[in-house]
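K.L.:
Each chain, written out:
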Amino acid sequence: VPGASADPSRSSHRFDALSFESTPALRAYVTGGIVGLIAGLAVGDPTPAILGTVLLAIGVIGLIGGITPDVVVAFRELPGTVTEEDSFRFLLDFEARAGAKVMHLDLGVKGLELLAVDGAARLLDESTISLVQTGHPLVIEVEAVSRPWGRATIGPVTVRSDSPMGLLHRSQVVGARHHISVIPTEIQLRTLLDPLETNLHVGDLVSTRRGVGSEFADLRPYQDGDDPRAVNWRVSSRAGDLWVNERHPERNGDIVLLVDGQVETGTGLETLVDRSVRMAAALLHAHARRHHRLGLITLDGLCRWVYPGSSEAHRRRLVEQLMGVYPGEVLWEAAERAVIRAAHRPSLVVVLTPLADPNMAALIHGLRRSGVDLSVVELEVEAVLSPPVGEIRALGRRIWALERDRLRQRLVSEGVPIVTWHPSEPAGVPLAALDQWRKTWRRRLG
Amino acid sequence: MEEDMAATARLTAAMSVAGAAVLALSVPLSDVSGIAYLIAWAATAVLAAGLILGFRGAVTAATVSLILVLAVVSTFETPSKIPLWAFAGILAFTIETASASFVHRALVPDPLSLIVRILTTPVLVALATQVLVLLLVGAEAAGSLVRVAGMASVVVAAGWVARVWGRSVEGLG
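Quick note, the sequences are listed as chains L and Z, same order.
Each residue of the first sequence is one higher than the one before, counting from 1 in this note's numbering.
Each residue of the second sequence is one higher than the one before, counting from 1001 in this note's numbering.
Hints should not be assumed to be uniformly reliable.
Here chain L is said to cover these stretches of chain Z; the calculated rule only asks that three of the stretch's residues, wherever they fall, bring their Cβ under 8 Å from a Cβ of chain L [as the list claims (entries may be wrong)]:
| no. | region |
| --- | --- |
| 1 | 1011–1024 |
| 2 | 1123–1134 |
Derived DEER-like restraints, expressed as beta-carbon distance ranges [what the hints assert, rightly or not]:
| no. | chain 1 | residue 1 | chain 2 | residue 2 | range |
| --- | --- | --- | --- | --- | --- |
| 3 | L | A383 | Z | I1052 | 41 to 49 Å |
| 4 | Z | F1076 | L | V72 | 54 to 62 Å |
| 5 | L | V72 | Z | W1165 | 20 to 28 Å |
| 6 | L | I38 | Z | M1151 | 38 to 46 Å |
| 7 | L | A116 | Z | I1052 | 21 to 29 Å |
| 8 | L | E186 | Z | P1111 | 21 to 29 Å |
| 9 | Z | R1105 | L | G428 | 48 to 56 Å |
| 10 | L | V102 | Z | A1042 | 31 to 39 Å |
Note that these hints are calculated values from the structure, not bench results.
Heads up, the beta-carbon is just placed ideally off N, CA and C, and yes, glycines get one too.
From just these sequences and the hints, can you work out the full model?
P.N.:
Here it is as structure tokens:
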């Protein structure tokens, strides 16, 4: 939710570790000082002893000045969700009662980049700011930009300061880690898939059932208890008896997205996961506007699912789960059971998959057999793979392509709407094709 | 930014090796100073190798070696080419720049504080060394003016240490 404050409960692992690190200079001063004193005694000349005394004194002073008190750092007005490549601002509260004047604060950002800071601070790099502490609380306004979609984190803050002579580095890790969901840039979808069955909540879909609504369904003779406003007076005057209009109620539907992130890393197939997530984010956003209940199943290193729901908190949970998708391989035995449980009637299950794993085809087959309304967007694999080197590899690639084609044809023969999405096509193209397929199929079924 | 960091580390490393080379060149050339000369240049080589290879102990090794060189040279009749305060100042400069080179391989440099630190500590070390030399000479010569200056220096130094100590204790409270 852009602009919302970060929920403290979403912070994890409070850190408060203090450590000191001596510089090479400190070790050199102390060791050199001791050696100088001993050498002065050995050679019977005060010259090395004088130098040793001075070096030792510098080392001791450097040690004394390095002890500084705790600092307090806290983030304020952190957004829970931001769109990728968007800049946003948040506040950083800083307080240190005494100690070193110049401090470096590594804000521990991942998936973000600091752009600018206001106030007494100075930006050193994409994660670190430098400030001069005055002994009074400071409020620093920080501008950051989000990087490609995913889960960004900020904190804990590593506060680094030097002793007055710079001989001792003091490093303190303070604060908590905050999570920010970076969602992909919104894709405008002109066509959306409608579920065949609706549920009982009010929505935009015209239900096949009869009830209170605006869409005309049929005529029937008047029965006791019928609303007089439903009487069709024109038909009734011709028939000589009372007839009433029957209407279709407007209902919403359940949409479950199944995002398949099971690709082998290092093969260039990671871009398929990126496209799947972008498409899923667009679908979630578009269907949420139509008041559908939304569910999500992600298959990557883990099988995670969220049952259909429609509250704001529920949508936030969906986005967080979707942004956590990364390429990986799931345990199929557990995943299959979980998917069957989460993707049940009357949901429309939209599967986003490269269909690279026969287990995925088997899963779709299982869902189809259990009567689940589903549609499959198959992400084109060949276009993102580098050309095979050598005859053996080319042959292997051809066999693999044939195997995938066989799986696709098998699903098509079972009546599963499946469309291949090429990388050059916008996201609306496969959805339009699927919508056309489903309408034709529905007409064919009558 | 990484290139800047690397540039800072390289620059300070070169300055450090240059300082060590100056100290090695300050060793007087005489018939008996060969071993001191050798140790001084070995220390410079060790420092250079440590800075290139990222071995932090090289700073300590070079410092100890150069102090041993000073100890050996102090036994010669031929005096060093530079006074003790200059030797101390250049040694501190060598240590500070070498240390800064290591530190700024990992941390983003703050140019102002870096320059201030590299320049301040050698000046302090040189001044303190000269004060101690004067104290020593004063003790030997028993001159009242030198004694007064020496005592004043001790009082000032003690006051400075007490101030730093007081601040750190106040900070802890």
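K.L.:
Confirm or reject each hint.
P.N.:
Quick rundown of the hints versus the structure:
1. For a cut-off of 8 Å, the count of residues in the region 1011–1024 of chain Z with a CB near a CB of chain L stands at 0, and the three-residue condition is violated.
2. For the region 1123–1134 of chain Z, the stated coverage by chain L is satisfied: 6 residues place a CB nearer than 8 Å to a CB of that chain, which reaches the threshold of 3.
3. Checked against the hint of 41 to 49 Å, the pair L/A383 and Z/I1052 passes, with Cβ atoms roughly 47 Å apart.
4. The given range of 54 to 62 Å is respected by Z/F1076 and L/V72, whose C-beta atoms sit roughly 58 Å from each other.
5. Checked against the hint of 20 to 28 Å, the C-beta distance between L/V72 and Z/W1165 comes to roughly 25 Å, which is consistent with it.
6. At roughly 28 Å, the beta-carbon separation of L/I38 and Z/M1151 lies outside the given 38 to 46 Å, and the hint is violated.
7. Between L/A116 and Z/I1052 the Cβ separation comes to about 37 Å, which falls outside the hinted range of 21 to 29 Å.
8. Under the hint 21 to 29 Å, the C-beta atoms of L/E186 and Z/P1111, about 43 Å apart, miss the expected range.
9. For Z/R1105 paired with L/G428, a C-beta distance near 50 Å keeps the hint of 48 to 56 Å intact.
10. A beta carbon spacing of about 37 Å between L/V102 and Z/A1042 agrees with the range 31 to 39 Å that was offered as a hint.
When each numbered hint is compared with the structure, violations occur for hints 1, 6, 7 and 8.
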